[in-house]
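**Q** The residues making up each chain are set out below.
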Amino acid sequence: MKLLVFNCGSSSLKYKLLNMPDCTELVGGEAQRVGPPTACPACIIHRTHGDEMQWEVPMADHAQAFEAVMKILMQDQDLTPDAVGHRLVHGGTLFKGHSLVSKENFELLQQTRVLAPLHNPPAIELIGACLHRYPDLPQVMIFDTAFHSTLPAHARTYAVPAQWRDEFGISKYGFHGTSHQYVATQAADYLGMDMTQLNAVSCHLGSGGASLCAISGGQSIDNTLGYSPLQGLIMSTRCGDLDQAIVLQLIAHHGGHACVEDLLNKRSGVLGMTGSTSDIRDVIAASLDTDNLETHHQMNRALQIYAWRIKKYLGAYLTLTASAAGRPVDVVIFTDTIGETVPAIRWIVCSNMECFGLTIDHDRNQQTRLPAEISAPDSRIRALAIQTNEELAIARYAFQIINTDL
Amino acid sequence: MSILILEPKAQGLRYSVFYLTEQPLQAQPDVSGLSPLMSSGSDWIDLLEDISECLVHADAIAIRVRYGGDRFNGPVSVEPHVLDTLTTLTPQAPLHLPGTITLIESCRAVFPAAPIYLFFDTALFADMPDRESMYGISSELAHEMQFRRFGFQGLYHQSACRFAVQQSRRDQAQPAAKIISVCLEPNPEISALTGGHPVFVTGGITPMEGLPSETGCGDIDPGIILSLSERTGWGPERLNRTLSKESGLGALAGHPVTLEALYADTRPEYEQAGQFFKYKLMHACGAATAAMGGVDALVFSGCYARTGRGLGESLTQALNTATPSSGSGIRFYLCEEALAVSMARALLPRLSR
Chain A
81 MKLLVFNCGS SSLKYKLLNM PDCTELVGGE AQRVGPPTAC PACIIHRTHG DEMQWEVPMA
141 DHAQAFEAVM KILMQDQDLT PDAVGHRLVH GGTLFKGHSL VSKENFELLQ QTRVLAPLHN
201 PPAIELIGAC LHRYPDLPQV MIFDTAFHST LPAHARTYAV PAQWRDEFGI SKYGFHGTSH
261 QYVATQAADY LGMDMTQLNA VSCHLGSGGA SLCAISGGQS IDNTLGYSPL QGLIMSTRCG
321 DLDQAIVLQL IAHHGGHACV EDLLNKRSGV LGMTGSTSDI RDVIAASLDT DNLETHHQMN
381 RALQIYAWRI KKYLGAYLTL TASAAGRPVD VVIFTDTIGE TVPAIRWIVC SNMECFGLTI
441 DHDRNQQTRL PAEISAPDSR IRALAIQTNE ELAIARYAFQ IINTDL
Chain B
1165 MSILILEPKA QGLRYSVFYL TEQPLQAQPD VSGLSPLMSS GSDWIDLLED ISECLVHADA
1225 IAIRVRYGGD RFNGPVSVEP HVLDTLTTLT PQAPLHLPGT ITLIESCRAV FPAAPIYLFF
1285 DTALFADMPD RESMYGISSE LAHEMQFRRF GFQGLYHQSA CRFAVQQSRR DQAQPAAKII
1345 SVCLEPNPEI SALTGGHPVF VTGGITPMEG LPSETGCGDI DPGIILSLSE RTGWGPERLN
1405 RTLSKESGLG ALAGHPVTLE ALYADTRPEY EQAGQFFKYK LMHACGAATA AMGGVDALVF
1465 SGCYARTGRG LGESLTQALN TATPSSGSGI RFYLCEEALA VSMARALLPR LSR
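Line by line, the protein sequences are chains A and B.
All residue numbers for the first sequence refer to this note's numbering, where the first residue is 81 and numbers rise by one.
All residue numbers for the second sequence refer to this note's numbering, where the first residue is 1165 and numbers rise by one.
Certain hints may be false.
[To be verified] Some chain A residues close to chain B (C-beta under 7 angstroms, calculated; not the full set):
no., residue
1, L180
2, V181
3, G249
4, Y270
5, C319
6, L322
7, D323
8, Q324
9, G349
10, W388
11, K392
12, P408
13, C435
These are calculated hints, taken from the structure and not from any lab test.
Beta carbons are placed, not taken as given, at the ideal position from N, Cα and C, and that holds for glycine.
Given these sequences and hints, build the entire structure.
**A** Structure (structure tokens):
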């Protein structure tokens, strides 16, 4: 079976066509800068048989991106898909597990638009376009929130009035579940453990979003993202944790909730702290430049604040996971763009954590070939850098569901 | 020598009088009480005149102040410039500072000869590192709107920390250097202190961030407030009232509840709220341990310090499991000393100078 996977970001569309069940990649690529025009033109980077090609294609929305990608795929008749898997960031209370697309649940899906306004609407548009083009193909929705459906009540609950919890679905949903589950499975394989025995803290540090996940017995027990993708760590343009009074004061004095939503989602985080870049890699580079002392201090401070938040959550999750499992954590996993490729962040986060039994090794941490074991040989907790592969994970879950449900 | 300690609280003004002799400071004040909530300066003066009847002579007055921003990093005696500074800080603590300023003026009117000292709950945190005190938002906006993290139970943390050092020295001949201080007041708070200096605190720009309180929600996703604002159409004031007065442990239990009752009573509706609070404590203790690179001791203080007996067992067990490298194990202590006694103790060296 040829399974086409779509991973819809807020301004990108990743795709991969895999032969299942052996998971060999036939083609893959990414439509970049989907949406309003930016300084650089929108383009599609397409990979096939080890070659990479690039085309500039105007793509005002994800439906246009989908059409452009399909035009490329349809140049080869052998690339016609037999099934499609879609990544969705937020399933809310309506979708606690992955499921096949049907007319009924596609209608239900519309209600989740508001829960992740940057991510869910384009993914839903894409499913609509796919249904239009391939009305007879099985299509599967893979939800990032599904892995976190095992969160216990004390981790899932917010201490707000019961009416709000019931009426508005105020609850922690968690995100990046597909990635956390994938790298945890890879880590269990690396350590020679059964996934159901694995106690881990997974650090998904992306160039955009980021979250930590506490995993006990192979199941998610907590995630730093919450009801929305705003809570927790400081991200590229998202604020992470804030005192509620800050949000309320901003609503009162900075133009109402729509302006504040834009501010906290798109102009905060690393970009807000530095005023010039949303990429922590740029911040690290600038923090090393001592020619301009003011910039050096500002960037160094932003770097420390960013990493400190991760470190505190790592300590919290090492404790909560150990308590849930009754024994110390087996492994700390770093993944996604920053987690996989920026040793400096891993170093700051894992330094001075010997009390937990975690010791990072300087030389091992510099490895670029993944998976890499970056902990010291005598570290009680192992630390791994593992490349995430959300598209592969989506393909596996989708294939499983198609074979079970059809 | 007589000293008067004043603590403005939500329910009223707590006053404590100490008659000092050559003996060490007593564990309890000689006279104490809680007046009803005051509404005007003349009421304060009436109350202070009542108190003055049990004082032959007030040699000094100490007032607990809930907020001093980053302008006060320790106790100060009231001078004109101090009052000016407090007035400039009023927009950042509009519920507390106007009443405090009125109280200071009333004290001056009733006890004109007595020096007045101010003890700030935020002072301990005035010099906290930027990485802990700053948020992931626009630096310019944070500066303009004074968005900076403080703790709001600093006086309890200082007192509890001193107590834990004394107790650990007695128990292990080695004073605890890395201490997690858990203040169990109606607005609870955790701080991590290394050598007496805070490196972590759960409070934010207000006491509402962090642990859930009896009526306040504690940490929540900023996206929840944005969503509620849109879906309810409520303004910031109404949302704030619900999040700070109608949420928290009471909202989980289904009716108002104190922290003490939550763990003393076996009512089934308390189970979820009790587990929830314990989970949040464990979360904060884990973060505090990472912030210090280890932990030697936990200490509980506040009006519900005794509730820490059961919680301390769970928390130390979790921390000992998570940090097997902590060797002999982490101990916990209950510091039940009244805050007025701690303030009186801190005041004495200033009077003898």
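**Q** To test your reading of the hints: which numbers does this structure violate?
**A** Violated hints (numbers, rising): 1, 2, 3, 4; every other hint is consistent with the structure.
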